[in-house]
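Student: Protein sequences appear in the order of chains X and C. Under this note's numbering, the first residue of the first sequence is numbered 646, with each subsequent residue one higher. Under this note's numbering, the first residue of the second sequence is numbered 646, with each subsequent residue one higher.
Hints may be right or wrong, so weigh each one.
If chains are identical, the list can't say which one is meant, so a pair holds when it fits in one copy or spans any two.
What the hints assert, rightly or not - Result set (DSSO-like, lysine-lysine): computed pairs, CA atoms no more than 27 Å apart in a straight line:
1. Lys741 x Lys820
2. Lys787 x Lys871
3. Lys839 x Lys867
4. Lys892 x Lys932
No lab work stands behind these hints, which were simulated from the structure alone.
Number of protein chains: 2
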Amino acid sequence: MNTTARHAILVFSSLFLTFSTFEGKSDTSPPSSTSDSALMPEQLLQIADTKAFAKYVFLVDKSLRTLFLYEREESKIKKVAEFPADIGKNGGNKTKRDDHKTPEGIYFFQNLIKPPQIPFETYGKMAFTLDYPNIFDARAKKSGSGIWLHSIPDTVPLTRGSRGCVVVRNEVIEKLTQYIQLKETPILIFDQVKFVAASEHEKKKSEIHAFIDGWRDAWQSKSIDKYIEFYDEDFKSLGYTKKRWRKYKEGLIGKYDFIKVSFDQPFILIHNDQLIIKTLQKYQSDKHTDFGIKTIHAVKLDGKYKIISEEWKEANPEGFELTQKQAESAAAASTSKN
Amino acid sequence: MNTTARHAILVFSSLFLTFSTFEGKSDTSPPSSTSDSALMPEQLLQIADTKAFAKYVFLVDKSLRTLFLYEREESKIKKVAEFPADIGKNGGNKTKRDDHKTPEGIYFFQNLIKPPQIPFETYGKMAFTLDYPNIFDARAKKSGSGIWLHSIPDTVPLTRGSRGCVVVRNEVIEKLTQYIQLKETPILIFDQVKFVAASEHEKKKSEIHAFIDGWRDAWQSKSIDKYIEFYDEDFKSLGYTKKRWRKYKEGLIGKYDFIKVSFDQPFILIHNDQLIIKTLQKYQSDKHTDFGIKTIHAVKLDGKYKIISEEWKEANPEGFELTQKQAESAAAASTSKN
């Protein structure tokens, strides 16, 4: 995966020129966020500055019928390009099979399929499958499947309305392939993307960081009551319910004199009341150290985020240490400017 | 995943009757392995007796143009059913895009796609995508994609030859859905499945168990030289090369007075010189205990298996302890019979 990410970064530089052309076309779009005063999508909060995660995020604004491509630029996010897109025939958020609506939420590209596997007359040059229904959709008992980002023959108008898929031109999807890392690159679909000033964007980001820090602090301080408060009543992970998760963690906490949990800059994606956080995690205790990728799904209920699922898988500590070092030197650089 | 697995087990009992009918049709097939003297596929070695993994495995014999379905029955494997299947127009193992050959190897079902997403006239009622090219294929620089298990309209003969996909009847694929757990259920594709007597099957299984035990013993005894001997020169995992993996593990080994690694009954899949092992792992040391699913890909070179990739993700210890207990009581029961 690291190799792919590195490859994606390499190809990027050579493609930037091509994309500048697309940028030139988008006169009616929200301003690019390269300048300090620029607007940023409120709910695309942070693209982590680590090779372990995708460097690009796609956003769909159904009301504008537009697909946006964002990338990280140091700790900020920056619009790379935007493209006209078709969406489901029917308005509103998908809830069930055959409702011909485009689902709204946080999805990840899964597989790439091309003709002759699928007919060119329906899908043009290619299709990327998405993971609808996701964890949030399953919780909401949504049905249906086969939501894709695909192209369409050049002769078909982009205003026809799809069965729920997001549809772009052949020339567009061909360019996008180089920004999509399967299983890793997110596409956030909104009825309407809200654009906010950089200052407000920072404020929202701080709220999420406070949530992550609060959760980590409860864990580090071994306060099981405080820690379990961060979990939803319907939490389910690795076959644990909230009650059994508490018991499991209580057992672990009892074994260590101290626990120190460090997170690398997290990847933060929000969609209304849904939150996904991915972060490289370094876990240290008096007895054991490990490195991994922690993935958290949370929902906002009565103004508070509650974790509904949590996953962990082993990762390379060198990646963590590398990006920590970068973060520290970036912090040092920004301090020295003051 | 546990819930799905449990569900799969529940539906099974109600479906067995239906499948008995299919069994009745298969007069020319190798004998079922329910009796002690029965033949078993040499290379489907063990379906782990744990809910963490799939209970069913599919096998394709290209020369027989037949799809077999196997399930675990206690520590043995048993044929559930078999079905006529179409395969790629051209003979031999797939190596590149558009060669119209069916790949041979160990694959896992990924996604389910149905009309109207894909045309009924090509795919019948549904298609399951497979993970070709897999880790072994990537190593062998094989190209192409879109290898699926799909159905076809009843009017199309099953002898036409596909573009590389495995093709079955509509009525068959509809029944199979209940045995397929996406991302988990394997399908092994062979030019020719070799069937061997139960005793020979046991002997092959012992060889793999000896490999796993040897690797575990080297790890437990903290013999880094012996341990690293189990890895291939081109090993790559989590961004580590073999050299850096050795350094990483050496560091970990140095921290503990003792290391104890227990495996639950592993899931063992072999395809010629390719081996995949999945197992629930309990790791204990003087300082730390954890539970997870270990997945190993290995290749046989000069008569010895060498690990080419290794993955670990957190799992529920209760699942491990449950199956360990079952294994112990099964062992006790079999001992008391002697």
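Student: Against each hint, give a clear statement of whether it holds in the structure.
Tutor: Hint check:
no. : hint            : in the structure
1   : Lys741 x Lys820 : between (32 Å within a copy, 24 Å between copies)
2   : Lys787 x Lys871 : neither (32 Å within a copy, 52 Å between copies)
3   : Lys839 x Lys867 : neither (38 Å within a copy, 56 Å between copies)
4   : Lys892 x Lys932 : both (20 Å within a copy, 20 Å between copies)
The structure fails to meet hints 2, 3 from the earlier list, while all remaining hints are met.
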